[in-house]
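Asker: The chain contents come next:
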Amino acid sequence: MDFELSDDQKMLVDTVQSFCKKESPTERLRKMRENPIGWEKKIWQQMGELGWLGVAFPEDVGGLGGSFVDAGLIIEQLGTTLVPEPFIPSVALAGSILQAGGTVAQKEQFLTPMLEGSESLAVAYLEAQSRHTVTDVQTRAEKTGNGYKLTGKKRWVLNGQGADHIVVSARTGGETRDTDGVSLFVIDPGMKGVSVNTVTCMDSHKAAMVEFDGVEVGEDRLVGQEGQARSLLELSLDYGATAACAEGAGIMQAVLSMTRNYLTEREQFGAKIGTFQALQHRCVDMFVETELGKSTATMAMIKIAAKDANERKRAVSAAKSQLGTGGGFVTRQGVQLHGGIGVTDEHDVGLYFKRMHILSALFGDEEFHVARFASLPSFEEHVATDPLAG
Amino acid sequence: MDFELSDDQKMLVDTVQSFCKKESPTERLRKMRENPIGWEKKIWQQMGELGWLGVAFPEDVGGLGGSFVDAGLIIEQLGTTLVPEPFIPSVALAGSILQAGGTVAQKEQFLTPMLEGSESLAVAYLEAQSRHTVTDVQTRAEKTGNGYKLTGKKRWVLNGQGADHIVVSARTGGETRDTDGVSLFVIDPGMKGVSVNTVTCMDSHKAAMVEFDGVEVGEDRLVGQEGQARSLLELSLDYGATAACAEGAGIMQAVLSMTRNYLTEREQFGAKIGTFQALQHRCVDMFVETELGKSTATMAMIKIAAKDANERKRAVSAAKSQLGTGGGFVTRQGVQLHGGIGVTDEHDVGLYFKRMHILSALFGDEEFHVARFASLPSFEEHVATDPLAG
Amino acid sequence: MDMSFTPEQIAFRDEVRKGLREIMPERIRKKAELDQSFENEEVMEWHKALHTKGWSVPNWPKEHGGPGWDATQRFIFSEQLELGGAPALSPFGVSMVGPLIIQFGNDEQKKRFLPDIAAGTKVWCQGYSEPNSGSDLASLKTTAEKDSDGNYIVNGQKTWTTYAQYADWIFCLVRTNSQVKKQAGISFLLIDMKTDGVTAKPFLTSGNTYAFCETWFENAKVPKENLIGEENMGWTYAKALLGHERTMVAGVGISGRMLLRIKRMAKNTLRDGRPLLEDPTLRAKIARLEIKLEGLRMANYRALAGAQLGHAPGPESSILKLRGTEIQQECHDLAMEVMGHNSLSWFNEPGTVPPRQEAIPSNFNYVRAATIYAGSNEIQKNIISKLILGLPNG
Amino acid sequence: MDMSFTPEQIAFRDEVRKGLREIMPERIRKKAELDQSFENEEVMEWHKALHTKGWSVPNWPKEHGGPGWDATQRFIFSEQLELGGAPALSPFGVSMVGPLIIQFGNDEQKKRFLPDIAAGTKVWCQGYSEPNSGSDLASLKTTAEKDSDGNYIVNGQKTWTTYAQYADWIFCLVRTNSQVKKQAGISFLLIDMKTDGVTAKPFLTSGNTYAFCETWFENAKVPKENLIGEENMGWTYAKALLGHERTMVAGVGISGRMLLRIKRMAKNTLRDGRPLLEDPTLRAKIARLEIKLEGLRMANYRALAGAQLGHAPGPESSILKLRGTEIQQECHDLAMEVMGHNSLSWFNEPGTVPPRQEAIPSNFNYVRAATIYAGSNEIQKNIISKLILGLPNG
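Protein sequence lines, in the order shown, are assigned to chains A, B, C and D. Each residue of the first sequence is one higher than the one before, starting from 1 at the first, in my numbering. Each residue of the second sequence is one higher than the one before, starting from 1001 at the first, in my numbering. Each residue of the third sequence is one higher than the one before, starting from 2001 at the first, in my numbering. Each residue of the fourth sequence is one higher than the one before, starting from 3001 at the first, in my numbering.
Among these hints, one or two may not hold up.
Unchecked claim - Here are the simulated BS3-like pairs of lysine-lysine, each with C-alpha atoms no more than 27 angstroms apart in a straight line:
hint, chain 1, residue 1, chain 2, residue 2
1, A, K31, C, K2201
2, C, K2239, A, K272
3, A, K272, B, K1272
4, C, K2386, B, K1272
I should point out that these hints are in silico values taken from the structure, not numbers from a laboratory.
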């Protein structure tokens, strides 16, 4: 067991931290509201050049060969100033699908340019009826002579508005919610029949509603085996959830810190409000949840690469569920302890509050992950574990 | 709308209050641990003579013709000093069954002597597998020539150890958990084939495990229609739940008051601990739950007599669920704020804590009542309620 | 004890429903049905519609244009409005400065101000809070100095002046004596927003609405006739106002409406092909919240029954704001959960999410203020601790 | 970063399991399997069994009879014991006075006391708390005055002296100087329970067990050799001890065992004819608690990895007691819920409820103490507020 950062990791964290402070303080997020895609390609390019996007990918696709712990450390720091670049949709969601399921050619064509920062990606998996069930897919991909024809509507495609390529889930067989029969395709937004409508999200990010009206693609655009996308999508969303936990850990740390500072500065009734015991204990509760959030996020970052999918799911669901409860608590109390200014757009705490909600809602909310945790074999197996029995 | 107590009610409350203080302070409960039935017939007799047992029953069966609100006011006061006499099993559980389902002869034979305080009653409805489902009954009553023969085991019969008669649920038809087919019979503990084993409960009360081994009774011992006991049992348990809420309200009031006093007296670090804001706010939270508990208990006391069973169930389930959460909170925090002495047997707060758990566990716990509340027609009907629509 | 309304009260409720439906403009009714938010002009249109019925100032005495209702009737009226999703009137004229003028104003002030408030022809806002006086309101610094004519020259800054950008008048707490205990040097002034030197600048809330302004006073000259009551007695007047209508602060109607909305949304939201409302876990969550609200409603009824009999507010009334605002927040948390991915949506084109859901993300943010304003819940607990539980001061 | 144990550590764990199974007396094993409570004599029997393996004092250095394990090995050992439901050794000798003597005692004291502690032949208890010094321990009043020979005459009353009725020795904080700041006048004395003037009287806890005594000292004469370290330095020694084994206080093994027990109970409990464990609502409840425990376990691992490297405890270690005790209580709440009506049972004949359930109602009561003793959770929060968050003093 070892939770120390290596010297390389420490340097990485320092670099990202100083980047966030200098290049992308929270004020930049407010400015990005006016940007049509909500983020900047030049910054993305810079992240690619610094190796941040590819840190967790093997060297043969242009990565640095590190682990997702390294990626998590970066995302955590980006969370502290709410950097809006599409790390989660492009690297965690799409990157994990291409890495796990793409052919060598697909990796070269779609993954490597993204890791270099010259392109970005998205995954279109949500539909109006699908909630958190990845196989609840009505978009259809019909087999044509030399490829597929896609028709359907996807909603809330993170970075759908900015992506150069979009990985889309579509049914090549079966009925809605059949566990088999879903396939993945790489679509370019410029293809005939694709329409991308940008929408605004609560966290000042943007996303897209994407429609496919008989979009034709070749077989080379199929990612993974036909009809077998379920496990790739689950893996992808688990990467998304883990990244959300990492970013959430950064947010909690930032909110705890600004709240602590506010309590130390703000005076009411002739005293620093940080001398009021009820507020002190509230702040301690925030601290406890922050520490637990960091702990479970670390667990997910380590276990996301587990060979056993159930081991991965257990850690990710525990962390994501903790994010929903603990992250919600920390940001809510952060607002409350700031009093009036906490509910102005001008103050950063509201931005963290918003982003935390989005992170909690995405990739399975607290209810979903508690239910998943309770349905894993490990939940029942635990009953048979007794170190001293027999 | 009127929540004022009438002059009669005020006098009643005063009388019970002074009885509790003088005749049955909490110290008496500790003494009753040595008593084979856990309570005293002479006190019960006194309660009957004062009219407390019959206050909510019509005059023709020997009652005072009041409402269950009056009974609730008495039970609430009895709760403040944890008076151990079997008001809930005898009056609320058995009394409500006999009043709603008994014949004139049965009321005369079983109900009236109980209301007068010369006898006491119990209801045996729980079995090992039944949890909170009143129709989960395996005890069987087979039809004989001129009556029934009962065989089966009942558990945790409140006042089973002290009752002169026990109302027993048994199957006259159908299989375990069929909604129809359960009937009720009045059994005397002295009948051949009845064995009563006294057990001790956490709240210093006693109860009994009662077994029936071919116990023969005449048809005159059948209460209500054969096979139709379900609604009588549900009514009976709702009376029990309402009484539990009333007693719980008294307990919360007592715990709040002793905790407030302790905070005002106890010194640590050179100050009254009641000056520490975190403890002040905790005590306020206890106050809030106590007020809500009183409010919902009152609602249940009023609605228990509603003609519409669903209206009754809604109010009772709301109150019982509030008792589970709020009552649990108040007694837990009561112990916590008393510190070390709170976990000694010598201090009263632990007695209240124990009794509150029992009240929460009986007659449907919090989970049960939340689920029942959510399954009532009113839950869905609410969707159709919009005062300004159309 | 009796928790039912009398037949007369039920008839009154039906009359209210009928009357409200009659006067509600079609455009507002449609928005109300879909739980949409209202613009300021719609609120004022609704105010004027209520005024045609004589229902715009339900808590005023008859002589000043009120309908002459008792506490229970006012509660019923308010609950029906809330349950129906009708626009909430601006409280600053109707519920705050109006009753204050009625209680402490002189005849001239009553004649001058009350009719316009009742009719909705003049809009008021409140100038209490300042940037450095949050929960510690009495530490306010805006000064009013007398000039040679006895008029007031006001200087300072107010904040959280709700909808000051639409207001014709503002009522202010100002410091007229800085040599005494902070509460003892405060006066209550009515100030025309068009006065030279008064500037209101809206700022964005975290809900992305311009609900509040910062308002500056720079040598703003206020006629002495605009002083309410006596100089330096403003704190007393403001405090007296706080006791008004304690039975209304729980917002049981608002939360009841919100639960209704949550159930409707959950009925129309699918999970694994079934309406989400059928999920026992979600039903239990909604039920727990509904049960909390039932408890609050009963506490509110107890407070109301007391008020109806003219009693001083009992202990149960002190929990109404505390618990009511917590429930409002929990309702919004749950609504966002039911919305699922639609809860990401932020001021998009109509049609992006179902109409009933459109306003929720903004409100989810803004409702955080409910536990902060009007005496934060921490302050409420301090008050209960001292005044009701009698716990010692530190 | 790596959260897995090394192959050596896994081999160690397996060796521990095997060793424990070998030495565990049959009677104790049977009780452990059914999660039953242990009598004092059984605990001491188990202590002696562990001693045969050299495992009775896992946190002592090798020279004093410890096994020479590192922080992680000690954690693994302790977690296996807890997870297996083995009797918990009395900590007062093994984890408290033993390490204190090792750190601050003289050679004579080490020779005299340590072997008996390790062997389990002498039982110790703790004399810290007094009736009027709860969270404010330093305000203790028991005095030790020097007689003409330099020995101490002790007078006063201690309370919460755990199992003093079985103890051979008690270690006490006593006041040797009342003229100075309260912390500065305290000394650390070892007192033979058989000394004239020492009386221990057990009292019932709310869990109906005689776990604690009140202990009186009436002119009890204590030889000067029994003073640890220097006079008036007792507070410093006691505080140093608090820092020991911070990684052990979370009780993740204990709560893990409890969750296991809850699941087993729920599997064997019927509701509507089906095992209760199949109910999604209950599963979610258990899962939420298990997830909380996973979080705590990870925080514990982080603390442990730091301790292994010899670092000072990080911020995460301060939450272990706070959160660990909350989880212990929640486990008992949930266990009582699963038990249903069986949770009414109070010290009845065996067979009244299933064996695994027998001890739960008593523990449900007694576990309330977990958030009170060893620095109440309120005190823990005060400490975190000041020492870690650096919030200002009032």
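Asker: Next, verify each hint and record whether it holds.
Answerer: Each hint, compared with the structure:
1. A:K31 - C:K2201: 21 angstroms, holds
2. C:K2239 - A:K272: 25 angstroms, holds
3. A:K272 - B:K1272: 22 angstroms, holds
4. C:K2386 - B:K1272: Distance of about 14 angstroms is within 27 angstroms: holds.
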